[in-house]
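Starting from the given sequences, assemble the full structure and let the hints guide the process.
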Amino acid sequence: MPNVTLNSISFNGDVYSNPTTTRRAPKLVTPKPRKIGKAMIAASGARTWVHRSAKTDYELEWENVAELTRAAVRAIFDLTTTFTAVLPVGTATYQCEEQDYTEKEAFTMPDGTRYYNITLLLRQP
Amino acid sequence: MAVVTVGYLVEWKPSGVWVDITAHIKSVEGDLALSGNPDNALSFGDASDVRCTITTVNLTLQATAYLDVPIRVTFTIGAMTEREFTGIITNRDRDQETLAFTCEGYQRPIKRTRVYSPAFFRRPAATATTIASIEDIGDPGYQAGLINYALWSAGGRPAEQDVTYPAALFYYSVPEYAILAPEWSWLAGEDAWEECLKLARASGGQLFQGADGIVRYLQPLSFGSGTAAYTFDEDVYGDLTERGTGELVITKVQCSYVPRVRQALQEVVNDTTPRLIAAGATVTVTLEAQNPLASLLLSSGTLPADAIKATFLDGRTPTAGDLDVTVALLGQQITLIVENTTAYPLTINAISIQGEPIVAGEAGTASAGSGDTAQTLQDNPYIQSQAHAERLCAMVLAFHGTTLPLRSATDCVYDPERLVNETVNLNCSRWSLSSVAHLIVAKRHSETGIGAEYDMVPVTGLPKSSDFFIISSTSYTGQTKKLGF
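Residue numbers (the working numbering), protein chains in the order written: chain G, 1 to 125; chain A, 1001 to 1485.
One should not assume that every hint holds.
To be verified - List of simulated lysine-lysine pairs, PhoX-like, C-alpha gap at most 25 Å: (1) 35(G) with 1026(A); (2) 1026(A) with 1013(A); (3) 1026(A) with 32(G).
Please keep in mind that the hints were generated in silico from the structure rather than gathered at the bench.
Here is the structure:
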């Protein structure tokens, strides 16, 4: 469970942390590298990759997190600007777009406390 | 090349300096052609277009006035960087997210220039521009052609002298003299670009703007004179198509001509408009003769004393020195700057000017070739003798008497070094083409410098400069060449 900081908000809790006071670290931080360009295929079949640039997005996944963490992640998604993220790979600027946030209810405790599974995609601008 | 890295730079100049607006560019697409005639890529004097559409998501740019703002696009592919478009913004569309600038070449400011010129006698329509050629129309030693005159008047400066004129609106270049010259040529306030195209048609040349923004006049013998340094083959293009032009093959060319004759001295302007000139005041009088004028009757550099009939308001007749008249002649236009040097107002009652008009004679027709498949050239005021008409007909027949298919190489990786008017080799195993020389006559780029399409025409067998004796400083020994068309 790698610790991350998104827009100066720390997500560094583990399973032993108090879920009402400590935001949980994501279970997984998965890089999603992408190349921007186009493959041009000649009549002979020769391929040319016309390369513009390369970017890496990161998908963060949380499992069974409480409302505190859920709300904090949702607030990152709701940002209308880019923000700084400190990830295990390093610090960089990211942004969230359109449908980069997913939330599913994992289970509900007998006292009504809900726990969620969340994903957040951080896109490199 | 299996992997190439591309980049682009878009700049505009709304206020005197180039500003980088590359950030937030969504797309750049455009095209450039040697000739605007889609049926005949090597036709003479057909207007060609250079266009570009630039779309940006930077809505802050909408606060800047865009009309006629210079804009340019540079593409980089691998280690090569080339300017792909230079022109001006002519329109802007926008929606909630994007601005789309429609851009054109420098035809637009040239078209809006109305030029008057002196009448030139037997001067090539376009003269070669060099680092030392006199292109300034105000220079007493001016001997350049009328196309040079028009382009200079529109704000252009010779590309070979760009160091001398770093802030020119645009640059023009004439690598070789036009090979035909009208008897008389002049500009009388018409659309400068259309007049340049008429001159190009009359001399068998082509006028176009390259991607670098330079407006060039090409004489037709240069089309087949290039040496190919690049080959298009199946590793370069995704597809190759050909549009046959069999219907354009002609066996006979016809052309009309209207001689222009310099006539003897006679009255060319008789203006009876009364004009009041206050004491000590100066008025400018612009008169237009019916025909262009080779010269005016002057006395000591000004009009003869009896050319202007004037009276003071008290009825006295002005004497020598009361009126100071400066005369300027540009083709059909006579400009008089008249100063009343006395302390009394006077009225000009009549102006009668004598000169040598260049008058149209009896029209005639010339032709070259024979047969039923004939092409009649468009009437042109700059075709003024039977010899000129015959030579032009022979030239058109030489270029269009055989089929010149238009071949399009599509789905190519954009190559900034491939230029319109470049000679290349073309290979196509299915069509049994191997290293056949072609001239690139059009180029279209898309996806912001990723893809390109090229139109080309085979030039093997076309007349070229090396087929002819060129009258200059070259010495020919033991060679057989043609004297001309």
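Tested hints:
Our distance criterion of 25 Å between C-alpha atoms is met by residue 35(G) and residue 1026(A), whose separation comes to about 17 Å. Taken as a hint, the residue 1026(A) and residue 1013(A) pair is honoured in the structure, with Cα atoms around 19 Å apart against an allowance of 25 Å. Between residue 1026(A) and residue 32(G), the direct Cα distance comes to roughly 23 Å. Compliance with the 25 Å bound is thereby established for this hinted pair.
In summary, this structure violates none of the numbered hints.
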